[in-house]
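Dock chains F, C and R with the ligands against chain E, hints included.
Chains as they are written, first to last, in our numbering: chain E, 471 to 871; chain F, 471 to 871; chain C, 11 to 217; chain R, 11 to 217.
Treat the hints with care, as some may be off.
[To be verified] When the alpha-carbon atoms are kept at most 25 Å apart in a straight line, the in silico DMTMM-like pairs for lysine to aspartate or glutamate are as follows:
hint: 1; chain 1: C; residue 1: Lys-153; chain 2: C; residue 2: Asp-31
hint: 2; chain 1: C; residue 1: Lys-159; chain 2: F; residue 2: Asp-715
hint: 3; chain 1: E; residue 1: Lys-497; chain 2: C; residue 2: Asp-63
hint: 4; chain 1: F; residue 1: Lys-779; chain 2: E; residue 2: Glu-586
hint: 5; chain 1: C; residue 1: Lys-193; chain 2: F; residue 2: Glu-864
hint: 6; chain 1: C; residue 1: Lys-59; chain 2: C; residue 2: Asp-145
hint: 7; chain 1: R; residue 1: Lys-193; chain 2: E; residue 2: Glu-817
hint: 8; chain 1: F; residue 1: Lys-779; chain 2: C; residue 2: Glu-175
hint: 9; chain 1: F; residue 1: Lys-644; chain 2: C; residue 2: Asp-31
hint: 10; chain 1: R; residue 1: Lys-159; chain 2: E; residue 2: Asp-715
hint: 11; chain 1: F; residue 1: Lys-497; chain 2: E; residue 2: Asp-564
hint: 12; chain 1: E; residue 1: Lys-779; chain 2: E; residue 2: Glu-811
hint: 13; chain 1: C; residue 1: Lys-159; chain 2: C; residue 2: Glu-49
hint: 14; chain 1: E; residue 1: Lys-510; chain 2: F; residue 2: Glu-864
hint: 15; chain 1: E; residue 1: Lys-644; chain 2: E; residue 2: Asp-715
hint: 16; chain 1: F; residue 1: Lys-644; chain 2: F; residue 2: Glu-667
hint: 17; chain 1: E; residue 1: Lys-668; chain 2: E; residue 2: Asp-715
hint: 18; chain 1: E; residue 1: Lys-735; chain 2: R; residue 2: Asp-92
hint: 19; chain 1: E; residue 1: Lys-735; chain 2: R; residue 2: Asp-43
hint: 20; chain 1: E; residue 1: Lys-668; chain 2: E; residue 2: Glu-586
hint: 21; chain 1: F; residue 1: Lys-726; chain 2: C; residue 2: Asp-170
hint: 22; chain 1: E; residue 1: Lys-762; chain 2: E; residue 2: Asp-813
In case anyone wonders, no lab produced these hints; they're calculated from the structure. It should be emphasised that the depicted structure is a prediction, and the values quoted were computed from it without experimental measurement.
One-letter residues, chain by chain:
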Amino acid sequence: AATMLARPAAAGGNPANQPPNVPEWTKSLGEGVAVRPYGKPSKFEKDVVRRDVEWLTASRESSVSFTPLHELEGIITPNGLCFERHHGGIAEVDPADHRLMIHGLVERPLILTLEELKRYPRVNRIHFMECAANSGMEWRGAQLNGCQFTHGMIHCVQYTGVSLRTLLEEAGVKTSGKWLLVEGADAAAMDRSLPIEKALDDCIIAYKMNGEALYPEQGYPMRLVVPGWQGNLWVKWLRRIKVGDQPWHTREETSKYTDLMPSGKARRFTWSMDAKSVITSPSPQAPIKHGKGFTIVSGLAWSGNGKVKRVDVSLDGGRNWWPARLDGPVLDKALTRFYYEFDWNGEPLLLQSRVQDETGYVQPSKAELRKIRGVNSIYHNNGIQTWHVQANGEVENVEVA
Amino acid sequence: AATMLARPAAAGGNPANQPPNVPEWTKSLGEGVAVRPYGKPSKFEKDVVRRDVEWLTASRESSVSFTPLHELEGIITPNGLCFERHHGGIAEVDPADHRLMIHGLVERPLILTLEELKRYPRVNRIHFMECAANSGMEWRGAQLNGCQFTHGMIHCVQYTGVSLRTLLEEAGVKTSGKWLLVEGADAAAMDRSLPIEKALDDCIIAYKMNGEALYPEQGYPMRLVVPGWQGNLWVKWLRRIKVGDQPWHTREETSKYTDLMPSGKARRFTWSMDAKSVITSPSPQAPIKHGKGFTIVSGLAWSGNGKVKRVDVSLDGGRNWWPARLDGPVLDKALTRFYYEFDWNGEPLLLQSRVQDETGYVQPSKAELRKIRGVNSIYHNNGIQTWHVQANGEVENVEVA
Amino acid sequence: QQKADAKSGPRYHIGRAPTTDEIRGWDIDVRPDGQGLPEGKGTAMQGEKLFMDNCSSCHGEFGEGNGRWPVLAGGKGSLTSDNPVKTVGSYWPYASTVFDYVRHAMPYGNTGSLSVDEYYALVAYVLYLNDVVTDQNFELNKKTLATIKMPNEQGFVMDDRATTEKSFWQKDPCMNNCVAPVKIIGRAAAIDVTPEDGKEKKSRGVE
Amino acid sequence: QQKADAKSGPRYHIGRAPTTDEIRGWDIDVRPDGQGLPEGKGTAMQGEKLFMDNCSSCHGEFGEGNGRWPVLAGGKGSLTSDNPVKTVGSYWPYASTVFDYVRHAMPYGNTGSLSVDEYYALVAYVLYLNDVVTDQNFELNKKTLATIKMPNEQGFVMDDRATTEKSFWQKDPCMNNCVAPVKIIGRAAAIDVTPEDGKEKKSRGVE
Ligand code: HEC
Ligand code: HEC
Ligand SMILES: [Ca+2]
Ligand SMILES: [Ca+2]
Ligand SMILES: [Ca+2]
Ligand SMILES: [Ca+2]
Ligand SMILES: [Ca+2]
Ligand SMILES: [Ca+2]
Ligand SMILES: [Co+2]
Ligand SMILES: [Co+2]
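Extracted from the complex, chain E is given alone in its bound form (with noise of 0.2 Å):
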């Protein structure tokens, strides 16, 4: 009974089902209930994914790909769309089969099922985990054009697990035992040591990730949390538990993670995640698309040393600043949302993002961070980032100075 009449020729789209017409998806029904078990995003978000960068590594299988950071808002990250790193591709861990072993210097060597594992009392927790090597590639200058791949290998879900303390107290670590070999059961059996301070700190065994089992590609059935932390230390498919006296200077802790320095020499054991932010948007993959007005600001920031204590936002490529403001949970070593709205001119911006975290820590300029680091220790890269806006709202990542 209804006519299709015309409508203001300004919007876009189908006019058949903008009113004052009535859309098609009014008309009839849609799927019911139960038709889709386990939900997924809609169609018309094909294009939220996570992307790799197909030149950085020669192989899929040992490789990264990134969270589209851009597409995203709030604090938590959705485990579809968590960055994934792996080294030997996703193993893919059939839970009767896994085993957790806890042995070396300790009173009460241990090995655990899952089902095991979940008696032990539990623990919730939202953390961020950032890859060490996240923003690597801009150390020389920037590179990539897109805050998911500048800043897209950090993810921040809630945890569920056991605190790795507990498990420890349960095998009884004896006096001489000063450091944890953490060990996966992929094909790169991933291992790093951590020292037995941490362990008894913060970190926590994790099986449930957003209130679900963890991902396969997030370590399914179990994986080590590591809070504030590099992400490598994150053992995903976590298999064994060794206690020791010294560290193991295993592969992942000496040819990679090491971070060079310009005298040659190189730090080792950088395992703390310091302090930094990104606006996700504007950036080059979300543009500003209305012209001039009312403009939003929003991006991310965290530190590994506690929490945001403060963001500033700057549009003249960090020569001035202007308070932003926190939105939603505040919390130790996860991400917290900032936004600084104003009025954009149209005129280009030089924007840019600064965190200080409740340590006082600020997060430094990437003149700052080069000078004393110079270009080649790849890892820790938590220097300001800048995105050149243009009159037209496209957005490039460029360098200042």
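Using the frame of chain E, we list chains F, C and R with the ligands on its own:
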């Protein structure tokens, strides 16, 4: 070079994948990064899904599927497992064609695209959303064996969107404006009346859940969030807000969502969801498989009137109570995780949980509720749930007196 | 909590004003006082055939409901019984709701497929099935619909939980010997309707 | 922060003790002091053929790395240059790491497919390619491997950010006129390696 060795008889599964042997997934590479641009759960978790109860409704397009609470931990529900309640199936809205119209008793009627909505200041909040009919099948007695079915019409995610107040201020509500009609674009054109006080308090027009775009079944591209109030008000696929001076008394607030009392009179506008809790494990779908010994009771508590203050657990059907441990963030109008850990002697239990919220409200027993409301009110059954744990660890839904 | 001021507050100037045509196209909700009712008319007599063609397959020829599809008529006097039957006639407080809802949402799967006159006729027929309209030729229109009084209009009270359930607010919840020892008096297993079975079972008292 | 006490603390008695066989099967990690090295032996001479058969397709016949696959040898003296080449010989502090890693993780895609003697021989060959082992017939075994000194062992310092980067901790961050007006000195667009292009591009300075 490794040879397969024998392993103690006790454990289950495939010995070839268990120590001292190296499992198959350690011997060869798994799938590489970005092979799954959008991740999904392990194939071993295929039973962790939303389920419906076929005999409940005549058609799946107007029905409900339930969150598998017994499989989840923490307080965040993953998007793919959030329960569904539709009245005309899932509207598959093209965001380019979707419009939000605000009109009626306002100074400046407004029509917004999704992109325009996103230009308004953003807020991020974690809230539970519960259907008023949750546990409605249990008024006359224990009926469904599983907390997925008895309590699974609830989920809790982080929303990002625009404060409804912001938009109402932009449109300029006239002094005579006391009520809002909120309407969806689905085949039911779901419409409800919302009092202006709540609209100006803490409601959100959300377009993201857990960081990413709303899933279609949750109202993509935008839905109303009405913290603490019954889910039916959280209109999905929100297309229209009309300001008026009286409520509309739509079908969903007259024929449905009114609570029939024994007197024959029905309560109307019973918006807020009283404090409620449930033990998610052990529960009928999550029996105790480990026999006697240290046992974890895990559960959820929430209140539409604020924060959870405390949760107590009873092992003897409500005669004696023990304080539970709240773990993880305790947020306003959000799910709160609690644990009660004890040494199970293997004898049958009558497990219950009871929440008190910050207003002092104590979750009533079913008997207390029925004394006032009878058994025909359908909605708002927040009575204390009893699980009968049998000596063999099986759990059933029972009524006690 | 602050009252929103129509005149003050931030103004973002984002979005545009809808045209009156656009508003009119979507603004079809109806209130008990008749606000929102469109021009048009129909009688129960006219509605009968429309109902048989468009509605009776689900709701039954007399609104009695086929299978699990909703019952639309009957149930008078059942609200205090063990099995209340809540229909347009026995329960709904306002006739406007029938027009608003049916025009929005029915026929299920083919909403908005009928003309305004046809909806008036269908609503007249549903009211006729419920003995609210007794004259088959009574013309339902924007004037007359607003004058119809529904039998159960006085059957509703505002949410009174804060007073009638005041006893649920307590200082300290009881911790010991709170009730006499309890026994199991009912089991879900006895009813056996949980989905795992793969069998279709009938439930008690579920809507 | 409290020290964990081996003797006290809660005991849940959940799980069991692994057998010594089970532990032995998984406990194959190796430390710089040689702890963990298995019985066995091999020489660079023996390793050469094994390397050609199992490794050179990726790492090149001389460990020079095919395409983007990792370089294993060379790079000596490059650590202070513009393009440091970090290999077993130029960078790795301990020979034990080569054994530990290769046995765990190589050959890539077919890990653990070789015998302990073969791994000793391969490690000897990789060290030989790096001039760390110079005698092709030098027998690498659990004794000798632990005695090998790597050229860059002294090339590492503990994380010293707390002292060398102390200036990053501040009371109040600067808000106005913090730097002289800046100009754009580099653009990602100029390099043009962002994936959207669908073209395979070479990058600078990326690992
Ligand atoms: C294919 C089945 C089907 C057809 C045809 C159908 N309906 Fe319905 N009707 C339903 C369902 C299902 C509901 C409940 C929808 C819900 O609650 O989500 C319903 C609800 C109703 C209600 C509200 C009942 C209540 O108690 O709240 C009325 C009134 C109604 N229909 C009238 C009609 C009329 C008039 C027609 C024809 C123009 C019609 N229906 C055609 C299936 C149908
Ligand atoms: C199919 C390709 C391939 C083959 C064959 C292969 N490797 Fe590798 N190798 C790799 C890759 C890829 C890496 C890096 C893995 C990573 O970092 O996740 C690597 C890393 C290494 C490293 C560490 C390099 C560094 O700088 O950290 C050593 C040493 C090594 N391989 C030795 C060997 C030996 C010895 C063999 C034969 C037994 C072998 N590889 C066979 C692909 C291969
Ligand atoms: Ca998009
Ligand atoms: Ca399961
Ligand atoms: Ca029925
Ligand atoms: Ca059964
Ligand atoms: Ca190379
Ligand atoms: Ca290009
Ligand atoms: Co309506
Ligand atoms: Co190793």
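Hints violated by the structure (listed by number, smallest first): 4 and 14
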